[in-house]
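Enquirer: Position chain B relative to chain A; hints supplied.
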Amino acid sequence: MRNIFLFIRQYFNLITFFILQLICVISLSKFSKTHEAFFSTEANEITGSINTQYNKLNRYFTLIEANKELALENTKLKDALKTNFVSSDSTRVIVADSLIKDTLNRYRKYSYLPALVVNNSVSQESNYLMLERGAKQGVKKDMGVVGPLGIVGKVVSVSENYCVVMSLLNRNSKVSAMFKRGKEQNASNISWDGKDAHYLTMEKVSKAVDVKKGDTIVTSTYSPSFPSLLMIGTVADIKTDAIGNNYTLKIKAATNFSALQHVNIIANHYYEEQYRLDSLTKKQQLNLSTSE
Amino acid sequence: MSDLFKNIIRFILFLFVQVYVLSRVPSLHQFITPYLYFLFILWLPFSINRWLLLIVAFAFGMSTDYFLGTPGLHAAPCVLIAYLRPFLLNLFIAQESTEQSFVEPSVKSMGWGPYSFYIALLTFIHHFYLVLIEWLSFGTFLYFIGKVAATTGVSLLLIFITEMLFFRKAKYRTNAA
Numbered sequence: 000m001r002n003i004f005l006f007i008r009q010y011f012n013l014i015t016f017f018i019l020q021l022i023c024v025i026s027l028s029k030f031s032k033t034h035e036a037f038f039s040t041e042a043n044e045i046t047g048s049i050n051t052q053y054n055k056l057n058r059y060f061t062l063i064e065a066n067k068e069l070a071l072e073n074t075k076l077k078d079a080l081k082t083n084f085v086s087s088d089s090t091r092v093i094v095a096d097s098l099i100k101d102t103l104n105r106y107r108k109y110s111y112l113p114a115l116v117v118n119n120s121v122s123q124e125s126n127y128l129m130l131e132r133g134a135k136q137g138v139k140k141d142m143g144v145v146g147p148l149g150i151v152g153k154v155v156s157v158s159e160n161y162c163v164v165m166s167l168l169n170r171n172s173k174v175s176a177m178f179k180r181g182k183e184q185n186a187s188n189i190s191w192d193g194k195d196a197h198y199l200t201m202e203k204v205s206k207a208v209d210v211k212k213g214d215t216i217v218t219s220t221y222s223p224s225f226p227s228l229l230m231i232g233t234v235a236d237i238k239t240d241a242i243g244n245n246y247t248l249k250i251k252a253a254t255n256f257s258a259l260q261h262v263n264i265i266a267n268h269y270y271e272e273q274y275r276l277d278s279l280t281k282k283q284q285l286n287l288s289t290s291e
Numbered sequence: 000m001s002d003l004f005k006n007i008i009r010f011i012l013f014l015f016v017q018v019y020v021l022s023r024v025p026s027l028h029q030f031i032t033p034y035l036y037f038l039f040i041l042w043l044p045f046s047i048n049r050w051l052l053l054i055v056a057f058a059f060g061m062s063t064d065y066f067l068g069t070p071g072l073h074a075a076p077c078v079l080i081a082y083l084r085p086f087l088l089n090l091f092i093a094q095e096s097t098e099q100s101f102v103e104p105s106v107k108s109m110g111w112g113p114y115s116f117y118i119a120l121l122t123f124i125h126h127f128y129l130v131l132i133e134w135l136s137f138g139t140f141l142y143f144i145g146k147v148a149a150t151t152g153v154s155l156l157l158i159f160i161t162e163m164l165f166f167r168k169a170k171y172r173t174n175a176a
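As you go down the protein sequences, you meet chains A and B in turn.
Residues in the first sequence are numbered from 0 upward in steps of one, following numbering that gives the first Met the number 0.
Residues in the second sequence are numbered from 0 upward in steps of one, following numbering that gives the first Met the number 0.
What the hints contain is simulated information worked out from the structure, not anything from laboratory work.
We treat Cβ as the ideally placed atom computed from N, Cα and C, and that holds for glycine.
A few of these clues could be false.
Claimed, not checked - Computed footprint of chain B on chain A; a stretch qualifies when at least three of its residues, placed anywhere within it, have a C-beta under 8 Å from a C-beta of chain B:
hint	stretch
1	18 to 27
2	188 to 202
Claimed, not checked - Using C-beta positions, here's what the derived DEER-type ranges look like:
hint	chain 1	residue 1	chain 2	residue 2	range
3	A	Ile63	B	Leu120	41 to 47 Å
4	B	Leu83	A	Asp240	43 to 49 Å
5	A	Ser28	B	Ile7	30 to 36 Å
6	B	Ile31	A	Lys282	42 to 48 Å
The shape of chain A in the complex, shown without the other chains (with noise of 0.2 Å):
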């Protein structure tokens, strides 16, 4: 017993830097596999907070970009109006409003939350955002985010009052995207390389596919999280795999993720069934290949 505690006193320093390297690898190892191990904690509340005073002064520095993408949205929203369409039936009124289920008996699918950034980064390996709106304003992991411009990424972890966003400009995120034109072109991932934060990957694009330079890229119809038709990029260049037959596009972002102040988190009213069914049939598959 002795022997034990004067090893552990000789040592001590040593053994300390083996338990610090210890918590280091985990937590990093913890945190790369789920992502919210560690954000939906108080530390998030606490660098939220500070994130936000910061921020309060660096949005000026942006501001000009920042009215040019909301004033260039606006006019887009306006050009959408219903009433830019004269109806030739004009006994009928159609009126839009938020209700869950409106006069044609089309229900609501999804909404938008409006959120603020506090935390943006996009020189990291791994850049994710911070906006100010938790779960108490009703925002949950796995919901869309959605920036003037474009799509900005997914919800990765969420506290109170903040959530964190995986930006697209991280090596694990993963997005379904397809072609604008011609909408039956086969649907596939836009991920990113870590190099440029202006331009994105589409990688396995079949060469059936006819694809050219400035082809509008936009959120395809499987994603639970993203709207369908949602614009995401132009084709930047496109590259032929040298094995398979495939494409890979270089995509340029429609986002500016550098200059993103305000942005819109999307909530599906369907997702938790539309999960659960999911799961339930991956479910029951392993079932059936178990039993066999």
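Expert: Chain B alone, transformed into the frame defined by chain A:
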């Protein structure tokens, strides 16, 4: 100004400069990420307890990580250089004269040669370990080598500028302090 107070101020300054200035610089190239924050650990006083040094380095690295959103990534190399620091200092300086008459590592207290070697070696070790951890999760070998070299170069340049801008008066240790 007492040493403790001075180091608390430095802790906050280095943290904020790293998080709000250097990490927000739009990257020129994928290899180049400017790092300066670890200089805080290299500037800690000679007299600090080795065990305390490890804890301080861990706390400092973790605080940086919480702001940058990567818990553990920067803390691990910080703890490593904090562990190696006393060995290097023992190698480079004459125990009796320097450690008893000066407060912290600087050009004045150690001389140009040993001080720059001390800085360069620990900077290299820090980046090597940092990029190694990053590399294990993603990346190629060329990325690994290139990033270690480029970041070390940029960091050394930044440290050099910092030393020039904020010239620290080499304080003698007195019995009164």
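Enquirer: None of the hints should be skipped; say for each whether it holds.
Expert: Here is what the structure says about each hint:
1. A stretch counts as covered by a chain when three or more of its residues have a beta carbon under 8 Å from one of that chain; for the stretch 18 to 27 of chain A and chain B the count is 8, and the coverage holds.
2. Counting residues of the stretch 188 to 202 of chain A whose C-beta lies closer than 8 Å to any C-beta of chain B gives 4; at least three are required, and the coverage claim holds.
3. For the hinted restraint 41 to 47 Å between isoleucine 63(A) and leucine 120(B), the CB-CB distance of approximately 46 Å keeps it satisfied.
4. Here the CB-CB span from leucine 83(B) to aspartate 240(A) is close to 45 Å, well matched to the stated 43 to 49 Å.
5. Here the CB-CB span from serine 28(A) to isoleucine 7(B) is close to 32 Å, well matched to the stated 30 to 36 Å.
6. Checking the proposed 42 to 48 Å range against isoleucine 31(B) and lysine 282(A) shows it holds: the Cβ atoms sit about 47 Å from each other.
Violation of the numbered hints given earlier is absent; every hint is satisfied by the structure.
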